[in-house]
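All chains should be modelled from the sequences, with the hints used to inform the complete structure.
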Amino acid sequence: MSSRQVDTSGFGAYAGPVLRNEAGAFTFEIADHHLNGADRLHGGMMMTLAAIVLGAVARETAAEKTPGATVRPLSLNCDFVSAGEKGDTVEGRADVTRATRTVLFISGELRVGSRMLMTATGVYAISGAEKA
Amino acid sequence: MRQPLPSPVNVEPPQGWKPSDLHDPFEAYVGPLFEREENGERIFGFIADERHADETGAVHEGMLMTFADAFLGGAAHRGAGERSCVTLSLQASFLTEARAGDFIECRTRIDRTTRAIIFVSGRFSVGDEDVMTATSLWKVLGER
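Protein chains in written order, with our numbering: chain A, 1 to 132; chain B, 1 to 144.
Read the hints as simulated data drawn from the structure, not as lab findings.
Keep in mind the model is a prediction, meaning the values are calculated, not measured.
Any given hint could be a false lead.
[Unchecked claim] Mimicking DMTMM-like on lysine to aspartate or glutamate, the simulated pairs with C-alpha atoms at most 25 Å apart in a straight line are:
hint, chain 1, residue 1, chain 2, residue 2
1, B, K139, A, D88
2, A, K65, B, E55
3, A, K86, A, D32
4, B, K18, B, E38
[Stated by the list, open to error] Label pairs and their in silico Cβ distance ranges:
hint, chain 1, residue 1, chain 2, residue 2, range
5, B, V9, A, T27, 22 to 32 Å
6, B, R144, A, P67, 51 to 61 Å
7, B, R78, A, D95, 34 to 44 Å
8, B, R36, A, T100, 40 to 50 Å
9, A, S2, B, R2, 38 to 48 Å
10, A, A63, B, S93, 19 to 29 Å
All C-beta atoms, glycine included, are put in the ideal place defined by N, C-alpha and C.
Below is the structure:
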């Protein structure tokens, strides 16, 4: 299955790359520079992954509703369920819990195989939607 | 004492600030990060550059949360009597955008300390304007 890079500019690319396959799943390989002092995936990188995954789903949901609409994060909540190790492939997914005209509620998770690393929820404001 | 890790770019600290000693590879990778003391309180900061921004020039929320994890974690560590802590949960509210070129400061507060759990919040500002607030929960390793 072919994959393409998401969030390709700025911090998303600098911290990534994060890939997305044709089935919509996000993947990320943990390298040396993503670690903390205990050789585990850094919490900041884990939240960055959650922000990229939830943000990508929020953006595409807004654009499907209103062509040209963009999103801005209002809140992100991340729970650290277990640790990631160097060499692990992290898989991410996210779903829309509710979409109103102006706000999106997104829920997602990061896993390594069957092991849950993080659960996350985000609230996003849709801009450009008022013209809809 | 371990040597602090170098950051990939050289940035002069603002007047009165010094570089933080970073021992986590990911913090060094996004750094340098800075700190200073003000009336016994430790304040942290970083200068946002193109590495930290998204395609619109706004600082990426992942970078802001990485900065939060680094220094709310530092506050938890000090609150736990220098014992190791791990992040259990972190919630961030994004009040307004920070932009590449902004100097972003972080002030932390210990909200409550129990034997095993530390509650830490943080306020992140650019000049006089708050850009993010965060609340977090930390587990003190080895305590129950």
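Status of each hint after checking the structure:
1. Only pairs whose Cα atoms come within 25 Å are accepted, and B/K139 paired with A/D88 is accepted, the gap being roughly 24 Å.
2. A C-alpha spacing of about 22 Å is found between A/K65 and B/E55, which places the hinted pair at or below 25 Å, so the restraint holds.
3. Between A/K86 and A/D32, the direct Cα distance comes to roughly 7 Å. Compliance with the 25 Å bound is thereby established for this hinted pair.
4. Between B/K18 and B/E38 the alpha-carbon distance is near 13 Å, which keeps this suggested pair within the 25 Å criterion.
5. At roughly 28 Å, the beta-carbon separation of B/V9 and A/T27 lies within the given 22 to 32 Å, and the hint holds.
6. For the pair B/R144 and A/P67, the supplied restraint of 51 to 61 Å holds, since their beta-carbon distance comes to about 53 Å.
7. A hinted range of 34 to 44 Å holds for the C-beta pair B/R78 and A/D95, which are about 38 Å apart.
8. Here the CB-CB span from B/R36 to A/T100 is close to 43 Å, well matched to the stated 40 to 50 Å.
9. In this structure the hint that A/S2 and B/R2 lie 38 to 48 Å apart at CB holds, the actual value being about 42 Å.
10. For the pair A/A63 and B/S93, the beta carbons lie near 24 Å from each other, so the given range of 19 to 29 Å is met.
Checked against the numbered hints listed earlier, the structure breaks none of them; every hint is satisfied.
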